[in-house]
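2 protein chains.
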Amino acid sequence: MNNYSFCVPTDIRFGKGQVACLATEIARFGKKVLMVYGGGSIKKTGLYDQIREVLGEYEVYELSGIEPNPKLSSVRAGAAICKEKGIEAILAVGGGSTIDASKHIACAAFYDGDPWDLVLDRSKAVKALPIFTVLTICATGSEMNPGAVISNEETKEKLEINSPILYPTLSVCDPTYMYTLPRRQTAAGTADIVSHILEQYFQPCDDAYITDRLSEAALKTCFKYGPIALECPENYEARANLMWTSSIALNHLLTFGKGGAWSVHPIEHVLSAYYDITHGEGLAILTPRWMRYVLNDETVHRFAMYARNVWDVDAADDREAALAGIEKTEKWFEEMGLPKTLGEVGIDDSCLDEMAKEAVRTSGISSRAYVKLTQSDVRKIYEMCL
Amino acid sequence: MNNYSFCVPTDIRFGKGQVACLATEIARFGKKVLMVYGGGSIKKTGLYDQIREVLGEYEVYELSGIEPNPKLSSVRAGAAICKEKGIEAILAVGGGSTIDASKHIACAAFYDGDPWDLVLDRSKAVKALPIFTVLTICATGSEMNPGAVISNEETKEKLEINSPILYPTLSVCDPTYMYTLPRRQTAAGTADIVSHILEQYFQPCDDAYITDRLSEAALKTCFKYGPIALECPENYEARANLMWTSSIALNHLLTFGKGGAWSVHPIEHVLSAYYDITHGEGLAILTPRWMRYVLNDETVHRFAMYARNVWDVDAADDREAALAGIEKTEKWFEEMGLPKTLGEVGIDDSCLDEMAKEAVRTSGISSRAYVKLTQSDVRKIYEMCL
Numbered sequence: 001m002n003n004y005s006f007c008v009p010t011d012i013r014f015g016k017g018q019v020a021c022l023a024t025e026i027a028r029f030g031k032k033v034l035m036v037y038g039g040g041s042i043k044k045t046g047l048y049d050q051i052r053e054v055l056g057e058y059e060v061y062e063l064s065g066i067e068p069n070p071k072l073s074s075v076r077a078g079a080a081i082c083k084e085k086g087i088e089a090i091l092a093v094g095g096g097s098t099i100d101a102s103k104h105i106a107c108a109a110f111y112d113g114d115p116w117d118l119v120l121d122r123s124k125a126v127k128a129l130p131i132f133t134v135l136t137i138c139a140t141g142s143e144m145n146p147g148a149v150i151s152n153e154e155t156k157e158k159l160e161i162n163s164p165i166l167y168p169t170l171s172v173c174d175p176t177y178m179y180t181l182p183r184r185q186t187a188a189g190t191a192d193i194v195s196h197i198l199e200q201y202f203q204p205c206d207d208a209y210i211t212d213r214l215s216e217a218a219l220k221t222c223f224k225y226g227p228i229a230l231e232c233p234e235n236y237e238a239r240a241n242l243m244w245t246s247s248i249a250l251n252h253l254l255t256f257g258k259g260g261a262w263s264v265h266p267i268e269h270v271l272s273a274y275y276d277i278t279h280g281e282g283l284a285i286l287t288p289r290w291m292r293y294v295l296n297d298e299t300v301h302r303f304a305m306y307a308r309n310v311w312d313v314d315a316a317d318d319r320e321a322a323l324a325g326i327e328k329t330e331k332w333f334e335e336m337g338l339p340k341t342l343g344e345v346g347i348d349d350s351c352l353d354e355m356a357k358e359a360v361r362t363s364g365i366s367s368r369a370y371v372k373l374t375q376s377d378v379r380k381i382y383e384m385c386l
Numbered sequence: 001m002n003n004y005s006f007c008v009p010t011d012i013r014f015g016k017g018q019v020a021c022l023a024t025e026i027a028r029f030g031k032k033v034l035m036v037y038g039g040g041s042i043k044k045t046g047l048y049d050q051i052r053e054v055l056g057e058y059e060v061y062e063l064s065g066i067e068p069n070p071k072l073s074s075v076r077a078g079a080a081i082c083k084e085k086g087i088e089a090i091l092a093v094g095g096g097s098t099i100d101a102s103k104h105i106a107c108a109a110f111y112d113g114d115p116w117d118l119v120l121d122r123s124k125a126v127k128a129l130p131i132f133t134v135l136t137i138c139a140t141g142s143e144m145n146p147g148a149v150i151s152n153e154e155t156k157e158k159l160e161i162n163s164p165i166l167y168p169t170l171s172v173c174d175p176t177y178m179y180t181l182p183r184r185q186t187a188a189g190t191a192d193i194v195s196h197i198l199e200q201y202f203q204p205c206d207d208a209y210i211t212d213r214l215s216e217a218a219l220k221t222c223f224k225y226g227p228i229a230l231e232c233p234e235n236y237e238a239r240a241n242l243m244w245t246s247s248i249a250l251n252h253l254l255t256f257g258k259g260g261a262w263s264v265h266p267i268e269h270v271l272s273a274y275y276d277i278t279h280g281e282g283l284a285i286l287t288p289r290w291m292r293y294v295l296n297d298e299t300v301h302r303f304a305m306y307a308r309n310v311w312d313v314d315a316a317d318d319r320e321a322a323l324a325g326i327e328k329t330e331k332w333f334e335e336m337g338l339p340k341t342l343g344e345v346g347i348d349d350s351c352l353d354e355m356a357k358e359a360v361r362t363s364g365i366s367s368r369a370y371v372k373l374t375q376s377d378v379r380k381i382y383e384m385c386l
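Here the protein sequences come in this chain order: G and A. Residues 1 to 386, numbered by this note's numbering, are exactly what the first sequence covers, in order. Residues 1 to 386, numbered by this note's numbering, are exactly what the second sequence covers, in order.
Quick caveat, the hints were computed from the structure, so don't treat them as lab data. Keep in mind that this is a model prediction, so the values were computed, not measured. Errors might be hidden in some of the hints.
It does not matter which identical chain is meant; a pair holds if it fits inside one copy or across any two.
[Said to hold, decoys possible] Heads up, simulated DSS-like pairs for lysine-lysine below, C-alpha to C-alpha not over 27 angstroms straight-line: (1) 127 / 31; (2) 224 / 44; (3) 44 / 220; (4) 331 / 85; (5) 328 / 220; (6) 258 / 220; (7) 258 / 16.
Build out the structure end to end from the sequences listed, making use of the hints.
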């Protein structure tokens with residue numbers, strides 16, 4: 001096991017009705033709150049009214065319209081409100097995009113220059129407003145981690161800002177808020193969770209046994225409950241298990257003692273930066289192809305372990321087991337109704353080289369990934385997905 | 001899944017050489033440190049000198065001689081030093097006993113009456129000194145949780161104090177510090193970890209799927225690496241996996257969405273309060289007998305699940321599987337060289353009634369345990385162990 005520092009101070013309030021705690025918890029930091037949310041679905045479901053009632057004693061300002069791949073322009077708008085109104089805490093109501101934008105706003109509020117500077121040079125993010133979240137879709141784990149991914153629409157970059165100051169102070173995780181989630185979002189969100197776990201599981205470290213077993217537990221949970229949540233959107237057990245799994249899938253627990261750069265996420269981030277596709281759908285398309293591409297004599301052991309421990313594959317031969325595991329993964333994405341090709345999400349071969357170059361440039365994929373990939377490798381993986 | 005609040009702010013510094021961070025980390029709170037430790041084994045191993053060097057810039061006071069079942073008298077002595085010297089932080093160097101005593105001292109330092117009051121009425125513990133730990137034996141998980149068990153030698157009580165203010169601020173978990181651990185302590189410590197996981201696993205809640213799978217991951221880790229650590233004390237992989245598993249085994253992760261009172265721990269706590277036996281040895285004796293005693297038509301499903309998922313038992317019949325799982329657990333304790341009977345640790349039948357009564361009185365075992373147990377049930381379990 002590699003040396004590791006682990007400190008996750010976020011206070012998780014999990015379960016039905018936990019939103020009520022915000023009436024007193026935010027007040028510990030102040031009464032001026034910026035409420036950040038997305039496209040208005042929370043108004044249809046009644047969650048907006050519920051939260052405004054809980055926030056009855058606060059002075060609430062709003063920033064709505066956060067995009068699925070949150071944009072720098074939204075961050076700029078939020079930071080301006082914080083500075084102008086003297087905001088004391090941010091309340092993000094939504095999924096990873098809303099929370100990520102809120103995190104970026106939280107530190108941009110204390111920065112005089114353009115918020116994009118903080119993404120390009122993390123050392124400039126030194127202070128942040130306290131961030132509270134009410135999670136409405138589980139996927140990114142942003143409710144319990146210090147990272148945020150922001151898209152710069154001018155430069156077509158989709159990059160991460162990551163700092164301990166960006167851990168949410170408190171996150172309300174009420175599984176019932178996901179009852180009204182459209183099928184497609186449930187599927188894409190679960191694909192994102194699965195990908196987070198796989199990115200950490202497939203790393204060249206074999207002695208972090210506990211971490212690998214915990215990852216398998218999380219994977220089994222997604223594979224079991226994803227289809228149930230699709231089929232029965234109001235199944236509390238399914239929503240609850242997926243919701244908590246999404247938080248621990250990306251709060252460093254599943255990379256403890258391991259580390260290494262991710263593979264599929266950077267390849268996907270370029271796709272959604274260029275074509276604004278749904279992140280989880282991009283991951284669903286890429287993951288099985290990436291698996292097939294990197295399966296070799298050195299990686300076959302881990303792929304076989306994955307197949308046996310997660311999918312109960314009982315083939316004695318490692319390669320046979322590995323391939324069966326990849327096939328089961330592919331079938332599961334299909335069962336979740338996720339797209340299988342780039343064509344299905346409107347991407348052709350016109351920018352493959354450019355995107356492959358960008359994926360390598362903006363990540364550790366060529367130097368620190370499980371299997372190091374060059375621009376040409378990434379292009380080949382894109383081609384497998386056409 | 002039950003509603004749950006989860007907030008574990010402790011900063012874990014895991015791995016070789018992490019102790020160096022104390023030179024700057026404690027200083028954030030002050031320069032006057034009370035260093036608390038046990039019987040002097042850290043002087044033999046050189047860890048004492050190493051830490052004193054790291055603390056070169058601090059004003060260090062010491063409280064040594066913390067007992068295996070830490071006593072109220074030690075807490076009183078520590079609290080007196082804190083008040084007299086104006087201590088600003090506590091550094092516990094040792095295992096659960098030293099850390100538990102340190103936690104109690106940390107809050108007693110701000111309390112004017114006798115420290116035992118804080119155990120009897122937790123609402124009186126309102127403030128605590130920051131607690132730093134250097135873990136030398138993994139077992140209790142105290143390095144990453146807010147609980148402390150203290151023995152009152154006058155009243156023969158062994159009770160817990162538990163408050164969010166008692167989370168250690170930072171814990172150094174360096175697996176190499178366990179290389180010199182005597183076999184018996186390695187065995188007892190691992191038995192304690194196993195028992196913590198089982199106490200949370202065996203609860204009447206079947207829908208916290210992710211939590212059960214995480215528990216099985218932790219159990220498999222203990223069962224795999226316990227014997228390896230016994231056989232090869234300097235096996236880093238074994239020590240490291242056990243050390244991190246001990247922390248997550250009792251930081252609320254494995255009870256998330258579940259809950260309920262524990263069973264074997266309260267039955268054991270009375271044994272060690274009366275006879276001062278090693279906690280982990282008491283647990284090893286009691287656990288398989290408790291399992292057999294509570295196995296019935298209602299519990300057989302979970303015992304069978306345990307057997308299949310943790311021990312790879314493949315019996316189709318639930319009862320057969322359950323019994324095989326219990327037998328494998330028993331054999332594992334035996335393989336670890338742990339005692340099997342109360343006689344082996346010097347306990348006869350003279351106080352069984354009194355102890356059974358005390359176990360019921362001081363715990364939720366008769367009202368909220370997996371299988372509710374009366375005084376007569378507890379006595380029968382003691383008898384099975386004679």
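*For the identical chains here, do residue 224 and residue 44 meet the 27 angstroms Cα criterion within one copy, between copies, both, or neither?*
Neither, since 30 angstroms and 52 angstroms both go past 27 angstroms.
*Can you give me the call for residue 258 and residue 220, within, between, both or neither, at a CA distance of at most 27 angstroms?*
both (20 angstroms within a copy, 19 angstroms between copies)
*27 angstroms Cα cut-off: does residue 258 pair with residue 16 within a copy, between copies, both or neither?*
between (34 angstroms within a copy, 14 angstroms between copies)
*From the Cα coordinates, with 27 angstroms as the cut-off, is the pair residue 328 and residue 220 best called within, between, both, or neither?*
Answer is both; intra-copy 12 angstroms and inter-copy 25 angstroms each pass.
_Homomeric proximity label, residue 127 with residue 31: Cα distance no greater than 27 angstroms_ = So residue 127 and residue 31 pass the 27 angstroms test inside a copy (19 angstroms) and across (26 angstroms) alike.
*Under a CA distance limit of 27 angstroms, which applies to residue 44 and residue 220: within one copy, between copies, both, or neither?*
neither (33 angstroms within a copy, 46 angstroms between copies)
*Homomeric proximity label, residue 331 with residue 85: Cα distance no greater than 27 angstroms*: So residue 331 and residue 85 fail the 27 angstroms test inside a copy (51 angstroms) and across (66 angstroms) alike.
Going through the hint list in order, the structure does not satisfy hints 2, 3, 4.
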